[in-house]
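Chains as they are written, first to last, in our numbering: chain A, 1 to 267; chain B, 268 to 421; chain C, 422 to 527.
If you're looking for bench data, these hints aren't it; they were derived computationally from the structure.
Please note that a few of the clues may not be correct.
Quick list of the computed label-pair ranges, beta carbon to beta carbon [claimed, not checked]:
# : chain 1 : residue 1 : chain 2 : residue 2 : range
1 : B       : A318      : C       : T459      : 23 to 29 Å
2 : C       : T504      : A       : D184      : 37 to 43 Å
3 : C       : P425      : A       : A106      : 27 to 33 Å
No farther apart than 16 Å at their CA atoms in a straight line, the calculated lysine to aspartate or glutamate pairs in the EDC-like style are these [unchecked claim]:
# : chain 1 : residue 1 : chain 2 : residue 2
4 : B       : K413      : A       : E50
5 : C       : K427      : A       : E43
6 : B       : K364      : B       : E391
7 : C       : K427      : A       : E50
Residues from chain A that keep clear of chain B, each with C-beta distances beyond 12 Å, as calculated [to be verified]:
#  : residue
8  : P24
9  : D30
10 : E43
11 : K55
12 : K60
13 : H151
14 : R168
15 : N256
No experiment lies behind these values; they were computed from the predicted model shown.
Built from N, CA and C at the ideal position, the CB exists for glycine as well.
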Amino acid sequence: MRRAIVLALAAAPWLQAAAQAEDPVAAEFDKFRAVLEQDNPAELFEAKGEELWKKPRGPKNASLEKCDLGLGPGVVKGAYARMPRYFADVDRVMDAEARIVHCMIALQGYTYAELAKAPFSNANRTPDPVSIATYVAAQSAGLKLAAPQGHARERAAYAAGEELFFYRAGPYDFSCASCHGVDDKRIRTQPLPNFTKPAQAIRAVQGWPGYRMTGGVMHTLQWRMNDCFRQQRFPEPGYGSEMVSALLTYLTVNANGQAYRGPGIKR
Amino acid sequence: MQQTRRNVLRLGWSMGLLAAFGAALLKPGRALAAWNKGAFEAKTVAEGMKALGISGAEESKDIVIRAPDIAENGAVVPIDITSNIAGTTAISVFIEKNPFPYTGSFDFSQGAVPFVHLRAKVGESTPVRVVAAAGGRFYTAAKEVKVTIGGCGG
Amino acid sequence: MADPMKIRANLQGDVADVRVLMAHPMETGQRRDGAGKTVPLHFIQSISATLNGKPVFSADISQAISRNPVFAFKVKGARAGDTIAITWTDNKGETRTDQAVVRAGS
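One chain only, chain A, in its complex shape:
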């Protein structure tokens, strides 16, 4: 017994070393990102998002406080960690931002056209759904991800997302998997996590919505998917579309069971 324990302990450092064959540069980045996340400008957008959630606005002059994010009208705490999910009232799977946009349309009278026109942040402007998504996400900070798969449509979304993840297209014949489907890939100093593996899939969703140091702007997963498509030289995905929700279902379900750390700071 004692020998077994001694052997086990002797083996452990080797296992440690293998697991942490991680780049020292990446480790340094992680360390200081933790410093930056301690006081994160994302909190400014979270505060703005909370204001937007509670304030009567739009043609219907209503607040978003009756918006059902999956846990009942107005329940924000824990909702982000349980998305994407199926919503019967629209008969489709929606991620958090798609659902917020839906609520802004249904409850406040905005139109999809006006919300989809310029949906991503730039130096001069942070669109309302981005701030609201930041607020909603912050109410799930630290909670375990639990994107549901109980409904047939949720399972179908996962399958579609998986297919999309491996779908090669565009002039470079890239798929998401080209960069994120294998271990130990890197672009310059950025390690590329393998999202097909649960332990690394968490890195797809944690920290988003995130305050991006490049440009000093707030971005969500809708933006991240759009920008990945751009980098793959794919056509632009529809803002809040079923396809993006499916891809986010695949990524989130792969990360299920792990704590959501967010909103975060991103490069």
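Go by the hints and put chains B and C onto chain A.
Just chains B and C now, with coordinates in the frame of chain A:
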């Protein structure tokens, strides 16, 4: 430029210049005098220090600068500065290779601990230099921060 | 009117650990916008903080401070329930003051 900087650091401190710096700290209400345009528009550390009346700063291990060895993104580099030199009244920060190195001064003479956390834009790999004013003298230390082109995504 | 700051002040003994997030573009005057036009210099120049109305900390800064600045500083002689007020003024003369109550523990 290197040589000029070393000469500035070697000069004995001048009471007149020190008085100017010190007096700037003694204005009632706001401890720092008006925003020092000459210092902020200086293109070298030496000119910036001169405009602030800093001279004869001696290297000190009691100024602790915590900053990443390699910054993930030069747009937001977190820097923690602590001066353990007794009687520190103010510190000034210079990001040496920035187009305008003088980045700011922080005053502790009215009841703050000689510590500050700030986040700065660092244009290229460079020493981050700190000068502390304490007991009528100047002290200095620097930490190298490397900046690289990072990557693509989140 | 600029967006509000977020201020946290937590007591560590008799020292208030103050953390402030400011909303400000901190434009260096070097950046070009989407149309290729140079965005003019627009940045916070000075910051001051008071404890129950008494000045305790001040700073002068340049446009090299990051967009949406974050600072932390420590104020001696603070007690739970004290008020920390922070003011910033930028190069256009715009100014903003926000305050927070010092909380016990961290």
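Hint check results:
1. A318(B) <-> T459(C): 23 to 29 Å: Given a distance of about 26 Å, which is inside 23 to 29 Å, the answer is holds.
2. T504(C) <-> D184(A): 37 to 43 Å: violated, 52 Å
3. P425(C) <-> A106(A): 27 to 33 Å: Taking Cβ atoms as reference, P425(C) and A106(A) lie about 30 Å apart, which means the hint holds.
4. K413(B) <-> E50(A): Distance ~38 Å between K413(B) and E50(A) Cα, so the pair is violated.
5. K427(C) <-> E43(A): Measuring from Cα to Cα gives roughly 8 Å; hence the hint holds.
6. K364(B) <-> E391(B): holds, 7 Å
7. K427(C) <-> E50(A): holds, 14 Å
8. P24: Its Cβ does come within 12 Å of chain B, the nearest being 9 Å, so this is violated.
9. D30: Incorrect as stated: the minimum Cβ-Cβ distance to chain B is 9 Å, not above 12 Å.
10. E43: holds, 14 Å
11. K55: holds, 30 Å
12. K60: The claim stands: K60(A) keeps its Cβ more than 12 Å from every Cβ of chain B (closest is about 35 Å).
13. H151: holds, 29 Å
14. R168: holds, 19 Å
15. N256: holds, 19 Å
Hints 2, 4, 8, 9 from the earlier list are contradicted by this structure; the remaining hints agree with it.
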